[in-house]
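Novice: Next come the chains, spelled out residue by residue.
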Amino acid sequence: MNVLSSPSAHLRRRQAIAKWFRRICRFMSYLLVGIVCYLLWDVISDGWHWLSWDFFQNYASRMPAKSGVRAAISGSIWVMAITIIFAVPVGIAAATYLEELMEQSRLKQFISLNIQNLAGVPSIVYGILGLTVFVRFLGFGGSVLSGGLTLGLLILPIIIIATRESLRSVPQTVRQAAMALGATKWQTVRCYVLPTSFSGILTGIILAISRAVGETAPLILVGAVAYIRYVPENPLDAYTTLPIQIYNWVGKPKAEFHELAASGIIVLLSLMFLTNLCAIILRHKKQRTYV
Amino acid sequence: MTTTSHNNPSVSSLDTASHEADNILEVRGVHAYYGSTCALRSIDLDVKANQVYAFIGPSGCGKSTFLRCFNRMNDFITDFKIEGSIKYRNTNIYHTDVDPVLVRRHIGMVFQKPNPLPTSIYNNVAWGPKINGFKVDFDELVETSLKKAALWDQVKERLTDNGYHLSGGQQQRLCIARAIAMNPDVILMDEPCSALDPISARKIEELIVDLKKDYSILIVTHNMQQAARLSHHTVFMLKGEIIEHGPTHNLFATPQQSLTKEYITGKFG
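Residue numbers (the working numbering), protein chains in the order written: chain A, 12 to 302; chain B, 111 to 379.
Derived from the structure by calculation, the hints contain no laboratory data.
Heads up, some of the hints might be wrong.
Per the computed footprint, the stretches of chain A lying under chain B, defined by three or more beta-carbons under 8 Å from a beta-carbon of chain B, are [unchecked claim]:
#, segment
1, 181-195
2, 203-214
The calculated lysine-lysine pairs, modelled on DSS-like cross-linking and capped at a C-alpha distance of 27 Å, are [stated by the list, open to error]:
#, chain 1, residue 1, chain 2, residue 2
3, B, Lys-371, B, Lys-349
4, A, Lys-263, A, Lys-77
5, B, Lys-377, B, Lys-322
6, A, Lys-196, B, Lys-371
7, B, Lys-313, B, Lys-258
8, A, Lys-196, B, Lys-245
9, B, Lys-349, B, Lys-313
10, B, Lys-349, B, Lys-191
11, B, Lys-240, B, Lys-322
12, A, Lys-196, B, Lys-323
13, A, Lys-196, B, Lys-322
14, B, Lys-322, B, Lys-197
15, B, Lys-191, A, Lys-119
16, B, Lys-266, B, Lys-313
17, B, Lys-240, B, Lys-349
18, B, Lys-245, B, Lys-258
19, B, Lys-322, B, Lys-266
20, B, Lys-223, A, Lys-196
Note that the coordinates shown come from a computational prediction; the quantities given were computed from them, not determined experimentally.
Note that the Cβ used here is the ideal one computed from N, Cα and C, for glycine as well.
Make the full structure from the sequences, and use the hints.
Specialist: Okay, structure coming up:
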């Protein structure tokens with residue numbers, strides 16, 4: 012009898028286990044997609060009919076029909092602008108120093124460990140820090156500036172870690188090639204290491220930003236106001252943001268406000284989707300240019 | 111055991127190619143360590159200008175470490191320590207007043223694996239001179255450097271292409287063009303052919319034959335035929351020490367040390 016024609020019971024059992032493993036993994040993946048789809052459907056079916064040009068033009072109001080996200084969107088954009096202006100240069104500079112320039116030492120290990128830890132600190136803690144430092148000590152009050160800087164601190168560790176990962180992925184041979192030509196460390200990093208890791212850094216930044224844009228808790232602490240009937244005009248103005256507006260609407264008794272919250276969520280999700288899309292496009296473009 | 115047998119400088123006068131050339135590099139009492147591991151042990155060596163020196167020896171014998179001492183590329187390795195002196199034109203390159211950037215500008219290097227910069231072919235060649243403040247016609251410099259590296263005809267139509275789009279052998283020639291664009295005194299080559307196919311390797315070797323007219327070349331190689339074909343002097347290293355060095359034909363024909371003889375006849379290594 013041919014050895015290949017009759018599989019043993021043992022083999023059949025192994026194959027059965029493999030099949031079940033595959034089924035369970037597939038079920039888990041589809042379950043996840045299913046949950047996300049259900050959430051999206053729930054939000055869109057609730058909030059869809061409130062989405063109109065007026066919804067983007069109106070400020071918050073006591074009457075659902077006159078409510079809108081104008082102040083919230085502009086507040087979110089203001090806060091994000093300050094977050095980016097603060098966190099991106101600081102984050103890239105710190106990561107470059109730690110990864111490219113700093114000598115191996117105990118201090119470096121200590122700093123690296125602490126940055127890892129900071130990335131895991133709950134956002135409310137950053138809110139308390141922002142309240143103490145920016146709102147009270149530096150006297151910025153409940154302003155766009157306080158909110159932006161607080162969120163900047165929140166995403167700084169994420170940007171530093173992503174940038175370091177990305178710098179580390181640049182092959183050592185590139186640095187050696189430049190240094191062997193009589194380049195200084197700065198010339199090497201600026202001309203080759205940073206441009207080569209650009210797409211990775213950018214992806215990290217955009218992921219960090221999409222986390223910051225959805226943060227609510229720290230902003231409540233540093234004094235974002237829910238009811239605002241104007242667009243912030245300078246960094247010391249009061250503000251509200253999309254998640255704060257959503258949070259506020261959800262807490263109201265009228266059912267219409269709950270639907271408005273769903274509309275707000277649609278706007279917030281679209282915003283995040285757009286930033287992520289930008290990240291994907293930019294990364295794709297850069298990858299074609301390098302190597 | 112004597113660590114060197116051809117220390118006597120008069121030996122080099124046997125070499126027909128040398129005409130009383132001055133020492134461009136002088137190595138005296140060099141010890142090198144990675145952490146507590148000793149990688150080089152009491153190395154002394156004179157390198158004469160416009161000569162080719164081949165460094166042979168089994169893997170891990172310290173020849174690459176030694177080569178990288180000449181342009182201070184080991185500085186980037188944490189834990190690396192060096193003692194002794196390496197004089198380049200009578201200045202110790204490890205003196206505290208010497209900027210390693212300046213050392214690397216005069217002592218070029220070609221690496222084992224071709225490593226173009228992630229930029230265009232043109233910039234690969236022109237970047238080094240540019241950042242070092244050369245005041246020259248860069249188009250001309252790129253052309254002459256690529257011609258010297260026997261690459262010009264293959265790339266002249268596509269100088270804006272990324273260096274990584276070239277084949278492995280072409281990439282290595284681009285790296286050589288990049289090194290010679292700096293107009294260096296000395297070129298260090300760390301097994302420049304070992305990552306290439308035999309045909310590309312032969313082309314690189316022919317190129318080195320051309321280059322040895324104009325530059326002092328220090329080459330690490332695993333290929334003993336290559337060392338014999340290319341070099342005026344051969345240095346045989348083992349476990350961080352120079353066992354024997356001398357004119358290449360002497361070292362291969364009549365090795366003075368039994369270890370050298372065993373290595374070049376393939377008994378170990």
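Novice: Hint by hint, note whether the structure agrees.
Specialist: Hints and how they fare:
no. : hint                   : in the structure
1   : 181-195                : holds (count 13)
2   : 203-214                : holds (count 3)
3   : B:Lys-371 to B:Lys-349 : 16 Å, holds
4   : A:Lys-263 to A:Lys-77  : 15 Å, holds
5   : B:Lys-377 to B:Lys-322 : 31 Å, violated
6   : A:Lys-196 to B:Lys-371 : 44 Å, violated
7   : B:Lys-313 to B:Lys-258 : 12 Å, holds
8   : A:Lys-196 to B:Lys-245 : 22 Å, holds
9   : B:Lys-349 to B:Lys-313 : 32 Å, violated
10  : B:Lys-349 to B:Lys-191 : 17 Å, holds
11  : B:Lys-240 to B:Lys-322 : 25 Å, holds
12  : A:Lys-196 to B:Lys-323 : 33 Å, violated
13  : A:Lys-196 to B:Lys-322 : 31 Å, violated
14  : B:Lys-322 to B:Lys-197 : 21 Å, holds
15  : B:Lys-191 to A:Lys-119 : 21 Å, holds
16  : B:Lys-266 to B:Lys-313 : 19 Å, holds
17  : B:Lys-240 to B:Lys-349 : 40 Å, violated
18  : B:Lys-245 to B:Lys-258 : 20 Å, holds
19  : B:Lys-322 to B:Lys-266 : 25 Å, holds
20  : B:Lys-223 to A:Lys-196 : 22 Å, holds
Checked against the numbered hints given earlier, this structure breaks hints 5, 6, 9, 12, 13, 17; the rest are met.
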